[in-house]
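K.L.:
If you read the sequences in order, they're chains A and B.
Counting with the UniProt record's numbering, you get residues 1 to 158 for the letters of the first sequence.
Counting with the UniProt record's numbering, you get residues 1 to 171 for the letters of the second sequence.
Just so you know, the hints here were simulated from the structure itself, not pulled from any lab data.
Only a predicted model underlies this, so the values are computations on that prediction, with no experimental measurement involved.
Note that CB positions come from ideal geometry on N, CA and C, so glycine has one too.
Check before you lean on any hint, since a few could be wrong.
[Stated by the list, open to error] Below, a sample of chain B positions facing chain A; criterion: calculated Cβ distance under 8 Å: (1) Ile-8; (2) Arg-55; (3) Arg-76.
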Amino acid sequence: MTEEPNLSAQEMLKKLTPALSRRTRIRAVAALLAGLAGAVFVTVLWWSEPGELPGRTRLAFGVLTAFCLAWAGYGGWLLTCRVPLFATDRVVAAWLGLAASVTTTGLMAVVAVQRGTGLVLALAAGGVFVAAALVLAVRAHRRRAALLRRMRELTGEQ
Amino acid sequence: MTDELLVIRAQLGEHTALAELVSRWQAPVWTYVRRMLDAERADDVTQEVWLAVIRGLPGLREPGRFVPWLFTIARRSVTDRLRGEYARAATVGALVAEDAVEAMVDRAALVSVLAQLPVPEREILVLFYLEDLSVEECAHICQIPAGTVKSRLNRARRLLREHLEEKGYRP
């Protein structure tokens, strides 16, 4: 029996291209980061409002937060179930996450200072995200370094 | 270049290493799937297997154990398609250990009667003889003890011999 696959390795790779596309990975990371940053920013703005808000404004804040969380969920789902994020991608994604966290924290702090209220809340929320992004960055670097070390061992390079 | 090195390079994000890995293992994966399923489903399932491999590759902690991991994924995909057939096969009676028939089994003859064997025995024969995996690797892939792999192999060889003898093949 000399049966062979109908699809060659090249054809198989072509079929796998959508899962490996850089664009999809960027989209996934961007959706997650923008969604999270947006949700935190809107929530802090909402909670730091000095006075009682009208019903429509509260509704608008709620809808906006839900919209951002939906994007974050979509990005998270892509990254965990659909799109492979390789070691180098993870390092880049972690630094993007750190940059986004710092920027969002800065923006929240500026708004809180201008309003004269909610600075602690802004810094606390931002701090959590910056810390999480830092942990992810350290883990991503360690994982990449471990792979590079093993690669050098196998190839006999110093 | 070893599989482990290719896997590590692929895990780092090198597309060429991933392409090399796919071209190296595309035929063995397809062969396994084809022996377990009909030709129509083999291509679809093979693609599913590779998709799962690509999605899971960044998280593979032991690159040196890529092959058992790959066939575990392939087996899972095949099992999903064969779930009904597996349920029927579970009623098969006690395993019987008999003398080996390797001398009689040449690869082409083995392939031609494989489709007639029950799924668990067919699977073990494919992994052990066609994919040249060790008993330990077969056990890991099928999530059964090594002793069960051996007894299943014995039973598979006995069934195979019976089928071959029915076809007039004599050692």
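K.L.:
With chain A as the partner, please determine if Arg-55 (chain B) meets the hint condition of a C-beta pair closer than 8 Å.
P.N.:
For Arg-55 (chain B), the interface hint holds, since the closest Cβ of chain A sits about 5 Å away, which is under 8 Å.
K.L.:
Hey, does the Ile-8 (chain B) contact hint survive, CB to chain A under 8 Å?
P.N.:
Since chain A brings a Cβ to about 5 Å from Ile-8 (chain B), closer than 8 Å, the hint holds.
K.L.:
Mind checking the CB of Arg-76 (chain B) against every CB in chain A and telling me if the closest is under 8 Å?
P.N.:
Constraint on Arg-76 (chain B) not satisfied, violated at 16 Å.
Violated hint for the displayed structure: number 3, the only one.
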